Amino acid sequence: MRAGIFKETYPELVRLTDSMPVKVWSILLVLGASLLPALVGSYALSFGTTIVITSIGVVGLNLLTGTCGLISLGHAGFMAVGAYGAGIMALDYGWSAIPAILVGGFAASLSSLLVGVPSLRLKGLYLAITTLAFTVIVTHLILNMPQLTRGSAGLFMPVADLMGIEMKSTGAFYLFALALAVLAVLGVLNLMRSRVGRAFLAIREQDIAAEMMGIHLARFKLLAFAISAFYTGIAGALFAYQVRYINVDSFGLLLSIEALGIIIVGGLGSVAGAVIGTVFMTLLPEGIRILFDLLGAGLQEIFSTRALELRGLIYGAVIILVLRFQPEGLIGIWREVRRIWTNWPFRY
Amino acid sequence: MNYLIALIAAGLATGAIYGLVAIGFAIIYKATGIINFAQGEMVMLNAYLGLSIATFSGVGFWALVPLVILASILVGLAVEFLLVRPMLGEPAISIVMMTVGLAVCLRSLVILIWGAEPQVLPVHPAEDVVQILGARLYSTQILAIVCLALVVVGFFVFYRHTRAGLAMRASSSNETVALLMGIDVRRIYALAWGLASVTGGLAGLLVATIYELGPDMFAFGLRSFPAVILGGLDSAIGAAVGGAIIGVLENLGEGYIGRGLKEIVGFVVILMVLMVRPYGMFGTRDVERV
Amino acid sequence: MKRMIAVAAAVQALMGPAYAEAPGVSDHEIRIGEILPLTGPASFAGKAHYLGTKIALAQANDEGGVGGRTVVALTEDDGYVPARTFQSAQKLLSVDGIFAMTGTSGTSHMLAMLPLLEEQDVLTVVSINPAESLYNPVRENIFVVGTSYGNAIHRIMRLAVEERGLKDGKFAIIYQEDDYGANVKAGYDRAVEEFGLNSVAEIPYKRGQKDFAAEMLRVANEGVDFLISGGIISENVAVFKEARKLGLDDLGIGTVWTAHLPIVQKLAGEAANGYLTADYAATLSEEAAQPFMELARKYLDESEVAEINRYSMTSYAGATVLVQAMRECSDDLTRACVKTALESGKAFEVGSALGAVTFAPDRHFSDSPVRVLRSDPEGAGFVPLTNF
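Quick note, the sequences are listed as chains L, X and F, same order.
Read in order, the letters of the first sequence correspond to residues 1 to 348 in UniProt numbering.
Read in order, the letters of the second sequence correspond to residues 1 to 290 in UniProt numbering.
Read in order, the letters of the third sequence correspond to residues 1 to 388 in UniProt numbering.
Quick caveat, the hints were computed from the structure, so don't treat them as lab data.
Hints are not guaranteed to be accurate.
Stated by the list, open to error - Covered stretches of chain X (chain F as the covering partner; in silico rule of three or more C-beta atoms under 8 Å from a C-beta of chain F):
id, region
1, 6-16
2, 28-40
3, 74-88
4, 132-139
5, 157-169
Stated by the list, open to error - Have a look at the derived ranges for each label pair, beta carbon to beta carbon:
id, chain 1, residue 1, chain 2, residue 2, range
6, F, Glu163, L, Gly252, 51 to 59 Å
7, L, Ser26, X, Arg169, 22 to 30 Å
8, F, Ser26, L, Asp18, 51 to 59 Å
9, F, Gly97, L, Arg121, 35 to 43 Å
Stated by the list, open to error - Chain F residues, not near chain X, derived (Cβ > 10 Å throughout):
id, residue
10, Thr39
11, Asn61
12, Ala73
13, Glu119
14, Glu177
15, Arg244
16, Lys298
Since we're looking at a predicted model, the values are computed, not measured.
All C-beta atoms, glycine included, are put in the ideal place defined by N, C-alpha and C.
Sequences and hints are given; from them, build the entire structure.
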């Protein structure tokens, strides 16, 4: 048991972790996740892929909303830009998956500057609504630029390919997405311990004070938008490769709201929380479904015609309950458990 | 010329509904500093309650209006008491996200109770076609415009000349001082939610008579955002004016330019407004001290 | 093409035993899958489709099923969201295992799962949503029962030209900005070109729009004689109401068969008088549909019978065709065999509510004939103006 923590230098203070168990468990977790295709069927694996892809986007949103304090309802729009960016490169120019996905990410990044600029003057809920406007406008543009986006007909994506080899099996694609997700998480964790990450935190706490301390507000707010949108754009591009067909319906406003719900449930501002939240909220509907299956045939009948409504009801209720009783989110429960575990039998 | 007048008249009728919904946003924002993302869903819920009341009681349309207002007040108070009050003191984003959760719940709840198919309200005010300045409108559309005007006058009087209205303005301008002056801020919050729900209920009833009842009615909440931003988040009267302007602009955009511009015109306008006046036309400028 | 299929069939026959256990087929059961919008804005079609399949399978199983096997439908709800359609398809294909699909949700929803269905060669009979992109070009394993929205619109415009004498009239269209609307618009464009018509306004709108005042003012302003209203339910109702409000009594309005549902007349009230719609299925109340209604009353309970509409008839047709084709192959129940049976050119009888259905190797589309109906809410409901 650790009695206290003493740091002698700054590099030591900002290290990702100095605890051997954390390193070992993280590696085991990634290894475990990469064994998933060998263990489960392709339906269960599709949830795995969805979780991995959603994590990337949600980690990006969390950076903007949780860390930098800028509320965004525009992430469905960034996701759409990313998906279409990658889709157009792959289809019309025959680019392979990795460069196409990167193009998706950068396109989303660029488009984020459109919302980022007003954000310099706007705060809080005004900003949230501006970003919402962004999603509406992106949808409109996609529909009205058929020569580029094929309009309402949507895009059929080719199978993702890695260095000329097609990732036909869902397992291969899952591993590919997992690798990107691990990179994304490491990227954000590293960013958080740099000057940029600390600047974001300062902006969240009080942006005028942050400016006084020498943080260039315009630059860092735009940077937060750009990085966040980059992640979400990559998630969008991966989503396009996963589902293989995208159109504007795939990027409704509900998506942005669900993403915010995920980071709230997971724990605002925490990368691990974002990932835990994604796992929980993605599996929740399926969990409810399995529960109903267990409860017997009578309920199944109700469930087959009322399934989505019941799921929606429970989904909303979970958001409300977490906010009400566990404002720090699921990651808060984890911290609490860990604290009790370390200190037991003492309270603190 | 007739074409222009007709477009504007029809736009005002739609804008009146945006205005009523938007006033609901503004009242809650002014009193509590949060945006109620479930406003559109409350519009829908109150309208469906109206459907059930009309079906069970068999009253006529005009008797239904006060009953719906009553039901709306109860809905607003229930939301405030059960969900908002326990969360007082939490950061604003938590309460906002709570309303998002509520919105998701209500959408499902309405379909679970009343079904997914569109329905008609069993009672209707007389639906005649009325001609004004060459523009043809349904009398129910005129009713919407009149209703918005009455609500605006009502709020003007309420905020200026009633004790509760003054207390509400006081607590929105400085909560702590208001508390010290003996204003029960929690009751002000409850009042705000009740009133917002009423304007939502009226809007819902109008949507149900002019269009129909459907589980996609909540979209009026979303489409009224531009109105409240344009008017200024904390100004009820601004929201009403904003609603009317957005309604007219939508129609003009569609009537003269087309290409589905109607859907985005409001959002383009708020992007431009926010660049110039981030606090809207009638909103108060936020002065911040570190 | 034909030869290739013959070779493929021969190869399949040689490999016989390996293919005997087709997915979703056991000694006593055949599973078919359906993904439908049981909830959400299109639930009017999804629920009715579900009931139609239920009737068809109950009847088929009463008659001994397929070679002694019972046919079971596994229904998934996608809530009319393409991503969910895709996920449901994955579940049906990899967890449950299905032999064929008969429920395919909306157009973009079907397109979302199309790559999966094509890769895994799942025999699919589309009846809820016969979109042109599903049969043109021909797709190996997809069969479409019905006709396209475009054909319905084309038929109505032909009537406007030939019987209402609007050859030199002004035409306009209001269409939804998605795949569904694109199908409607394709029919409109085809008719405009074929008959050399004057199209004065083509107005798109976004799904979920409630108010059509500006759109209809444009139509009135242009002096349009005949309008194609490409909405689904509420949008058409709004268009009818606006037309009544603006006093456009002489304006002819044509719609696809979504307006052939009684709910549209109920919602539109007085404004429902006189609009035209085109459909390849019979009206529930007319003589031809009575045998179907009897079946419905036999196999469904009362509340379910109340939810039946034209989509029940089309899904009944789709499922019946599939069952009949499977019966042809009851000794060798493989997808290849059933596919060959479907393509054989045989006329499958699907009850009197819909004409007989035939396919060919180069035509996976039944191209069912349409007729035009006029809405008459006060009287008979819908009055046929032409024959099928």
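The hints, checked one at a time:
Judged by the Cβ-Cβ criterion of 8 Å, the region 6-16 of chain X is covered by chain F as claimed, because 6 of its residues qualify and three suffice. For the region 28-40 of chain X, the stated coverage by chain F is violated: 0 residues have a C-beta nearer than 8 Å to a C-beta of that chain, whereas at least 3 were required. Counting residues of the region 74-88 of chain X whose CB lies closer than 8 Å to any CB of chain F gives 0, which falls below the minimum of 3, so the coverage claim is violated. With a threshold of 8 Å between beta carbons, the proposed coverage of the region 132-139 of chain X by chain F holds, since 3 of its residues qualify and at least three are required.
Counting residues of the region 157-169 of chain X whose CB lies closer than 8 Å to any CB of chain F gives 0, so the stated coverage by that chain is violated, three being the minimum. Our hint of 51 to 59 Å for glutamate 163/F and glycine 252/L is violated, since their Cβ atoms are close to 43 Å apart. For the hinted restraint 22 to 30 Å between serine 26/L and arginine 169/X, the CB-CB distance of approximately 54 Å leaves it violated. Restraint check, serine 26/F to aspartate 18/L: a C-beta distance of roughly 58 Å satisfies the suggested window 51 to 59 Å.
For glycine 97/F paired with arginine 121/L, a C-beta distance near 57 Å fails the hint of 35 to 43 Å. At the 10 Å boundary, the C-beta of threonine 39/F falls inside the reach of chain X, the nearest C-beta of that chain being 6 Å off. No beta-carbon of chain X comes within 10 Å of the beta-carbon of asparagine 61/F; the shortest separation is about 29 Å. With 10 Å as the threshold on Cβ separation, the claim that alanine 73/F sits away from chain X holds: the shortest Cβ distance comes to roughly 21 Å.
Against the 10 Å criterion, glutamate 119/F stays outside the reach of chain X, whose nearest CB is about 33 Å from its own CB. The claim that glutamate 177/F lies off the interface is violated: its Cβ sits roughly 6 Å from the closest Cβ of chain X, which falls inside the 10 Å cut-off. Its beta-carbon lying about 8 Å from the closest one in chain X, arginine 244/F breaks the requirement of being farther than 10 Å from that chain. Every CB of chain X is more than 10 Å from the CB of lysine 298/F (nearest about 25 Å), matching its label as outside the interface.
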